[in-house]
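Given the coordinates of chain A, work out where chain B should sit on it, guided by the hints.
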Amino acid sequence: MPATAPAGAAPTLQPFGESRSLTLGVELELQLVNTHDYDLAPYADEMLRLMQRLDLPGAVVPEMTSSMIEVSTGICESAAHVLGELTQLRDGLVRCADKLNIAVVGGGTHPFQQWHQQRIYDRPRFRELSELYGYLSKQFTVFGQHVHLGCPSADAALLMLHRMSRYIPHCIALSASSPFVQGQDTQFDSARLNSVSAFPMSGRAPYTLAWTQFEAFFERATRTGVVRSMKDFYWDIRPKPEYGTIEIRVFDTPLTVERAAALAGFVQSLAAWFVHDEPFQPQEDDYLVYTYNRFQACRFGLEAVYVDPVSGRHLPLRDHLLQTLRQLAGHARHLGAGPAIQALAEDVELGTNDARWLRQRQAQERLLAEVVRQGAQRFAARR
Amino acid sequence: MLDFMAIWGQWLRPSAGLPTVQWSLLLAIAAVVGHLGQRHLALPKLVGYSAVGALAGWAGFSGAAWPLQGIGLFLLELGVSVVLFQTGGRIALRWFRHNPMVLLQSLLEAAFTYAAVYATLRWFDVRPAVADAVALVAIVSSPAVLSQVVSDTRGAGPVTERAIVLSALGALYALTVVAARAGLLNGGGETRLAGLLYPVLVVLGLSVVVGAVIALALRLALQTMNPASENTAILLVTTIAAGTALAAHFGGSAPLAALLAGLLLKQLHPRPWAWPRQLGMAASLLLMLSFLLVSVVAAQADWNPAVASTVLACVAARSVAKVAGVLLANPGSGTSWRQALGTGLAMAPLSSLALLLVSQVAVASPALGPRVAAIALPAILLMEVFGAILATFVIYQAGESSRAGDEALRG
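Those protein sequence lines, which keep their order, are chains A and B.
Just so you know, the working numbering puts 372 at position 248 of the first sequence, and the rest follows in order with no gaps.
Just so you know, the working numbering puts 359 at position 357 of the second sequence, and the rest follows in order with no gaps.
The shape of chain A in the complex, shown without the other chains (with noise of 0.2 Å):
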């Protein structure tokens, strides 16, 4: 078994793509279940198969794991494009998996699959992955939400990148969807990202505004053999050179696609609201508080404490949310995504999310299971 990822031809960095500004793209990863005990089912492969024959927007693709499945959309306007787009892939997902006698479901984690009894899906990248970091690579089976983010210009998305850590924890509070992991309560309201910090290239990105000083980075990392190219960097956001984006990676997969369309409306008003009325520049010394809010985010969802890193204040997530939210809403009424924001903006006044929706179902169910099953209709939206 290798230390290091094989060598190979020396790695560059790709110039930054075109890309309109604000534009989005949604990824989102899914869990296969059975319909007899509802745990993860290894039907990747057969799924893939009926999709392709399926006229659908965007692409499927495999994941780490048999049991998970990704799509993803086109370049989309706005978050009611998105959904349009998402509602269509969750139509053919739901017919595919009726003809399989299976289900798809949202969520962060799983709620009690082994990692242990997870098979690597059989590509090449996987298993070197597989190789490489050993049981890490099965404990991934976790799923998220990736939003790409369109940037006129690779500065452009460097800036957007730093201005958007700030709101990382605000990302994770609305999407956590990862409570139970191996049948338990972790007591996270997104136990899913702690998964995704065991990788040694995990966090967040330099900090650099630069791309030609990025450039140099990405040199210096990969003259070392440990990093090949941007996909070894599982940083909370990344940049996407090859689509002229950054790629917005924290959100744990929601239950529904309207919830990831409302997340993805959150982002690009976010983006339009630095865009047009640049309020903030960013600075390096925002990351001092960086990974404690980003914790409080995970631990505890809408009921985390949030640092400001310019004046060090605390204070509740929940708060700052609303307060954002109200800021933004003038963009996300010009980008179409009013509604989604509103959405939002009531989950947070009510303190919902998904993470608490699948606890209360467990709580009154006392069955992991049968919470999976509701899931599965939640998604399909068949109840």
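Incorrect hints may have been included.
Straight line, CA to CA, 25 Å or less: simulated SDA-like cross-link-like pairs of lysine to any residue [to be verified]:
no., chain 1, residue 1, chain 2, residue 2
1, A, Lys-262, B, Arg-156
2, A, Lys-223, B, Phe-98
3, A, Lys-355, A, Leu-253
4, A, Lys-223, B, Leu-329
5, A, Lys-223, B, Leu-343
6, A, Lys-223, B, Leu-106
7, A, Lys-262, B, Ser-404
8, A, Lys-223, B, Ala-331
9, A, Lys-223, B, Ser-149
10, A, Lys-223, B, Arg-340
11, A, Lys-223, B, Tyr-175
12, A, Lys-262, B, Gly-401
13, A, Lys-223, B, Trp-339
14, A, Lys-223, B, His-100
15, A, Lys-355, A, Ser-143
16, A, Lys-223, A, Gly-208
17, A, Lys-223, B, Met-103
18, A, Lys-355, A, Pro-365
19, A, Lys-223, B, Gln-399
20, A, Lys-355, A, Leu-172
21, A, Lys-262, B, Ser-153
22, A, Lys-262, B, Asp-154
23, A, Lys-355, A, Tyr-414
24, A, Lys-223, B, Val-325
25, A, Lys-223, B, Ser-404
26, A, Lys-223, B, Pro-272
27, A, Lys-262, B, Gln-399
28, A, Lys-223, B, His-271
29, A, Lys-223, B, Leu-330
30, A, Lys-223, B, Gly-401
31, A, Lys-223, B, Leu-95
32, A, Lys-223, B, Arg-156
33, A, Lys-223, B, Leu-110
Distance windows between CB atoms, simulated [to be verified]:
no., chain 1, residue 1, chain 2, residue 2, range
34, A, Asp-179, B, Arg-129, 56 to 64 Å
35, A, Arg-173, B, Pro-307, 43 to 51 Å
36, A, Arg-437, B, Arg-96, 51 to 59 Å
37, B, Met-227, A, Ala-467, 33 to 41 Å
So the derived list for chain B, only partly shown, Cβ under 7 Å to chain A, looks like this [to be verified]:
no., residue
38, Arg-92
39, Ala-94
40, Pro-160
Bear in mind the hints are in silico, worked out from the structure with no lab data behind them.
Even glycine gets a Cβ: it sits at the ideal position worked out from N, Cα and C.
Then chain B, alone, in the frame of chain A:
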């Protein structure tokens, strides 16, 4: 062997009776052999159990008389019923609405199997009535062997799932038709349609009633009980045991009642089936006992070269027919050709369910029974062992085992 048993029987006066001691020791030996066979020869545990049972049967072990009766018959029925209840509970009828090709696969493989085995036996000049009975028994696969193999390999995936569901449907057809035929065999010279249908309706009607009662009782219990609790698992086994005894007593088919109960409960109560994990030891012991019983009884058949060629031809025809049926209706069913081939092969095992059907025929027709048993019993023993090996191989080949080192095995 018999002399030894007689001496031992005079010397030992155990409280629970000598058969209990004999069966306990046989189970203990089977457990050891099954474990060692799996560990050192990488064989399914079930092969070890069958080998011990077959050796005991050949050595004249008197613990199981043929045709089956009394406590032996009840234990076998209970083992089959528990497995069929669980298997029936995997069948969501809505699946067939979304994917009717699966139902077609099931119907084709059952029809092809009957036709292929019947034609083969007729080619060997076997009497039509005997060929008909053996061909009906050949329709079934063994949900018990499949569930044991799936448990051993920790199999999960489309091939595993489909083989289990198709085996449950095959059991449904065979139990219904064999029960009906057995009723007709009891009917003497009856020729009127009403008279011919009466025994069929009695068997089916009683099985449906008992199945519905079991399903409703469990449905009621599950409104207040946690399906993951041990008490629910105990309630499940005891309800099925009572249902099994009642169905058999009133003239219904106990396994059919259990299968229908599972199927009905799944439709009435679509919540997850959490109790198989809790059933654990009880179900394992029942399964192991039924595998032993099958091999002990089957080994007592009259083995000779003439029978061997007929049996081997039947087994080959049955395997080809099952594969052909599944493959023919595969387009549009959501699995690849390779997976369909695997599904057909995984349905090769025969075991306790087939033995029960043969026993049913033997009881219904003392004239026909021995001729049917002469072909069916060796086939059952053969396919309990090789069927288990084949099913295990298929699950590994399909990449559906999650046992440690699976990836390494597949390279």
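*Quick one: which hint numbers does this structure break? Sort them smallest to largest.*
none
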